[in-house]
Amino acid sequence: MKELIQKAASLLETNVVQVVIGYGKGSADRTRAIFSTTAADCEQLIFDSRCIQNLAVYLTKAEIKKMGKPAIVAPLPVLRSILQLAAENQITDDSLVVLGVSPESELIEFESLAAIETYLATKQIAIEEKYQTTIKAIKAMPVSERFAYWVKELEPCFKCYACRAACPLCYCTRCTVENNQPQWISVASHSLGNLEWHIMRAMHLAGRCTDCEACYNACPMGIPIYLLTKSMLQDVSENFGTYGPSLHRDNTLSSFNPDDKESFIR
Amino acid sequence: MSKIGVFICHCGENISATVDVVRVAEAAGKLEGVEFSTDYKYMCSDPGQTLIKQMIKEKGLTGVIVAACSPRMHEPTFRKACSSAGLNPYMCEMSNLREHCSWVHDKSEATTQKAIDLVRTLVGKVKYNKPLYSIKVPVTKTALVIGGGIAGIQSSLDIANAGHQVVLVEKDPSIGGHMSQLSETFPTLDCSQCILTPRMVEVAQHPNIKLLTYAELEKLEGFIGNFKATIRKKAKSIDEDLCTGCGTCITKCPTKKIPSEFNTGLGKRTAIYVPFPQAVPNKPVIDKENCLYYKNGKCKICEKVCPTGAIRFDQEDELVELEVGAVVVATGFDVMEPSKFSEYGYGKYKDVITGLQFERLASASGPTLGEIRRPSDGKIPEKIVFVACAGSRDPSKGKPYCSKICCMYTAKHAMLYQHKVHHGESTIFYMDIRSAGKNYEEFVRRAIVEDDVKYIRGRVSKVYEENGKLIVKGVDTLLNAKPVEIQADMVVLATAAVANSGAEELAQKMHISYDAYNFFSEAHPKLKPVETNTAGIFLAGACQAPKDIPETVSQASGAAAKVAILFSQDELSREPVVAVVNRSAPPLYSTCVGCFMCATACPYQAIGEELITNRKGEVIKRVAKVNPGLCQGCGTCVAFCRSKSIDIDGYSNEQMYSEVMALLND
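Line by line, the protein sequences are chains A and B.
So in the working numbering, spot 190 of the first sequence is number 190, and the numbers just go up one at a time.
So in the working numbering, spot 209 of the second sequence is number 209, and the numbers just go up one at a time.
No lab work stands behind these hints: they were computed from the structure.
Be aware that a few hints might be false.
What the hints assert, rightly or not - Simulated restraints on C-beta separations:
(1) B/504 / A/199: 35 to 43 Å
(2) B/105 / A/132: 55 to 63 Å
(3) B/105 / A/121: 55 to 63 Å
(4) B/228 / A/158: 20 to 28 Å
(5) B/221 / A/61: 53 to 61 Å
(6) A/248 / B/239: 34 to 42 Å
(7) B/396 / A/132: 55 to 63 Å
(8) B/587 / A/158: 54 to 62 Å
Said to hold, decoys possible - Here are the computed lysine to any residue pairs in the SDA-like style, where the Cα-Cα straight-line distance is at most 20 Å:
(9) B/41 / B/1
(10) B/621 / A/90
(11) B/404 / B/347
(12) B/210 / B/251
(13) A/66 / B/587
(14) B/625 / A/174
(15) A/65 / B/621
(16) A/65 / B/594
(17) B/621 / A/256
(18) A/65 / B/404
(19) B/509 / A/256
(20) A/65 / B/12
(21) A/65 / B/244
(22) A/61 / B/589
(23) A/61 / B/404
(24) A/61 / B/419
(25) B/625 / B/614
Claimed, not checked - Listing some non-contacts, in silico: residues in chain A with all C-beta distances to chain B over 12 Å:
(26) 62
(27) 64
(28) 190
Ideal placement from N, C-alpha and C gives every residue a C-beta, glycine not left out.
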């Protein structure tokens, strides 16, 4: 990724940005996020198939914002998150430089966030068949069985909130679960508390989640929480038409379109 | 620590007959935070209210719960009573033991237990009530009236005569609306224009009315007392100050064969035109779509002949911004496009016409100068068949409602015809005759008895042409469904009254609700017939539902009265039940992260942004801000906010949680 390193270095040298958020070598065979502030730092940038963390999560962190204007290495999932963050007024054209990386590992430079939207229009989110089958099977279960399924699946959760920390769309400075006046969501990691937490998280991502799977990758217990968000994504897509982040389309769940099927209330 | 007083009302026997009110009062008295509880026969009576006031003073109550009827009925009564005893009115709440309990259940232990539960949950809430203070909003004392038909004219005149400024916006070149197209009016048969035109002139001359014709609403922002309207003044292509209305341009215009909208296509007009002789303002506009110059770049004859040089081909649409305090929507109705009725042959046979077209034929200002002549060959028809309910009361045509005016105007049409063509024969096919109204039934009787109009109860199945006659096939359901066939010279369809084609778009621009047929919805079908669900926007006339002239005028005056009431105050007092974005200690300042999803969800456009700054004026944070003047307290934003950064005053998360917990933790 010589091209990426060169571009990142020149952005820092010309002071267009003050930090480059990218992937570097981590422990063992893993990669981790690195924050380059000098052209020399950029030599450590890597990009390969191991780079699955969603770096967009750093764009809204106060610590990173303090470092100045960022450039960000952005493969497809990161691009989608960037667009959703823009739709949610968290970033603007002027607030960052996006170093896009195509699925073929080519560097793509984007003039604007609108250009990202144009690019992503050809790369629609698609839920893999194996997940679709699982979701279908779960939905087909009788309510009591489905309830038992989720109680069991969520049982290992010990509320480390890694899923929240890894999610680029969980950027609230105070999460609902930390709101204790009143305490709507139980903080304890018993069955009820776990259910409340994961249902709440899925609901808060409904119509927003861009299916990057960062939450699942971060979960130390390997809980298939992506099933909730993927299922929600499917529901939104089925009920309200095409899904995906957009700068010009109104937010799905808070806007009205005369063409909405609204089959759920008829 | 709360000191709540609980007052259980018997409501005569309405509550006490099914609920053991003494036990409810006892149970309430044992609840934590309740200082005093009692039951009383009529809490809303003077002694009942005095009891509350007395207890507030005696026991130092910090909250009051009146468990009685719906808060819709008496919440203001009890809040005022509390206020006069020195307690903030928003510390007083009502538990609805009547509609929610005694009226809907039989007398039983469970009913009493439910009443106790209802009171207990509200005690849970009231513990967290905080004093609130009503919100003051200034009022701009100018009204915007949209639509210059009789409804808009009446509203404008009434508001203007009350001493307030009015801007009347009309999309056509002249005010007058459908009423100006009518020949005579039922049930008095007085000439429509004769009674309307004086009002039109009065509008033009009124010092408090600013008239904008050939103009439409582009945008409406703001809230009650403080709207900002953007009006698009379409280019008339003339300088109105210079034009004297002499009409030379109209006589010389070479494009003379444009179907006249005013004459419902039965007459022709020129490209530069005044819709009708009594038009207000009586100055022409150029119809750009049909003008030779706009089409081909050649002609300009009107410019050459204009004695004052008033023609302006380069004029462009102009956007005018207005500050107004109230809006009256009076955009009227349209008649259903009858091409939907292939069985009646409209569009196929020239002599099948609509009721509105018949009005033009009967009108002295119409294309036949008031003589009833059929459109195809100009002959005087010897036999006319009128078809009532053409589209109305017909779910298959998508209009299951009754258009209300057709029975009356059809009787009038037949009558006018009989008066003009003495030997003529008129037959009306009808479903039912609906003539409820002062002197209406007498009018219909007169048509039948004095003018010999034949009424056949039944529907028409088909109209077709044969040997120059229109064969009308129908059925007489009063004669054992006997088939009827009439050879007519002309057929008049009483087509359904429908909403204007642009009604839906207009409603969306103003954020008012509309029904399945695109008629605008009133706030309450009985008690708020001229208000919309958006405060400060009122309805007048047939844009709300089909109406006749007297009803339209009454509603228009009603809407005007509402505007005058609104304008009688310099400031508006609003319920302080509004959403508020929280503030917290630094470094957060607010837990709002500024995603503005709440703004996308708000149905009232009440959410904007606020920049939190430090003492140097530097921006620390950009957060959502709710405009208390616009917010209706619906709570959609509260539910939508992921970080729970918004609360509704009077219905905070804390209050709701406490209420739910009180119910669950029995």
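Hints and how they fare:
1. B/504 / A/199: 35 to 43 Å: holds (38 Å)
2. B/105 / A/132: 55 to 63 Å: Given a distance of about 48 Å, which is not inside 55 to 63 Å, the answer is violated.
3. B/105 / A/121: 55 to 63 Å: holds (58 Å)
4. B/228 / A/158: 20 to 28 Å: Since the Cβ atoms of residue 228 of chain B and residue 158 of chain A sit about 54 Å apart, the hinted range of 20 to 28 Å is violated.
5. B/221 / A/61: 53 to 61 Å: violated (36 Å)
6. A/248 / B/239: 34 to 42 Å: holds (41 Å)
7. B/396 / A/132: 55 to 63 Å: violated (42 Å)
8. B/587 / A/158: 54 to 62 Å: violated (29 Å)
9. B/41 / B/1: At roughly 29 Å apart (the allowed maximum being 20 Å), residue 1 of chain B and residue 41 of chain B break the hint.
10. B/621 / A/90: With Cα atoms ~12 Å apart, residue 621 of chain B and residue 90 of chain A stay inside 20 Å; holds.
11. B/404 / B/347: With a Cα-Cα distance of about 25 Å, the restraint between residue 404 of chain B and residue 347 of chain B is violated, given a limit of 20 Å.
12. B/210 / B/251: violated (30 Å)
13. A/66 / B/587: Judged against 20 Å, a Cα distance of about 14 Å means the pair holds.
14. B/625 / A/174: Measuring from Cα to Cα gives roughly 18 Å; hence the hint holds.
15. A/65 / B/621: The hint holds at about 13 Å.
16. A/65 / B/594: holds (16 Å)
17. B/621 / A/256: violated (30 Å)
18. A/65 / B/404: violated (66 Å)
19. B/509 / A/256: Holds. Residue 509 of chain B to residue 256 of chain A sits at ~14 Å (cutoff 20 Å).
20. A/65 / B/12: Measuring from Cα to Cα gives roughly 67 Å; hence the hint is violated.
21. A/65 / B/244: violated (67 Å)
22. A/61 / B/589: holds (16 Å)
23. A/61 / B/404: Not satisfied, since the Cα-Cα distance of roughly 64 Å exceeds 20 Å.
24. A/61 / B/419: Answer violated: residue 61 of chain A to residue 419 of chain B is near 85 Å, above 20 Å.
25. B/625 / B/614: Between residue 625 of chain B and residue 614 of chain B the Cα gap is close to 17 Å, so the pair holds against 20 Å.
26. 62: violated (8 Å)
27. 64: Holds: least Cβ distance 15 Å, greater than 12 Å.
28. 190: Consistent with the label, residue 190 of chain A stays out of reach of chain B, its closest Cβ about 18 Å off (over 12 Å).
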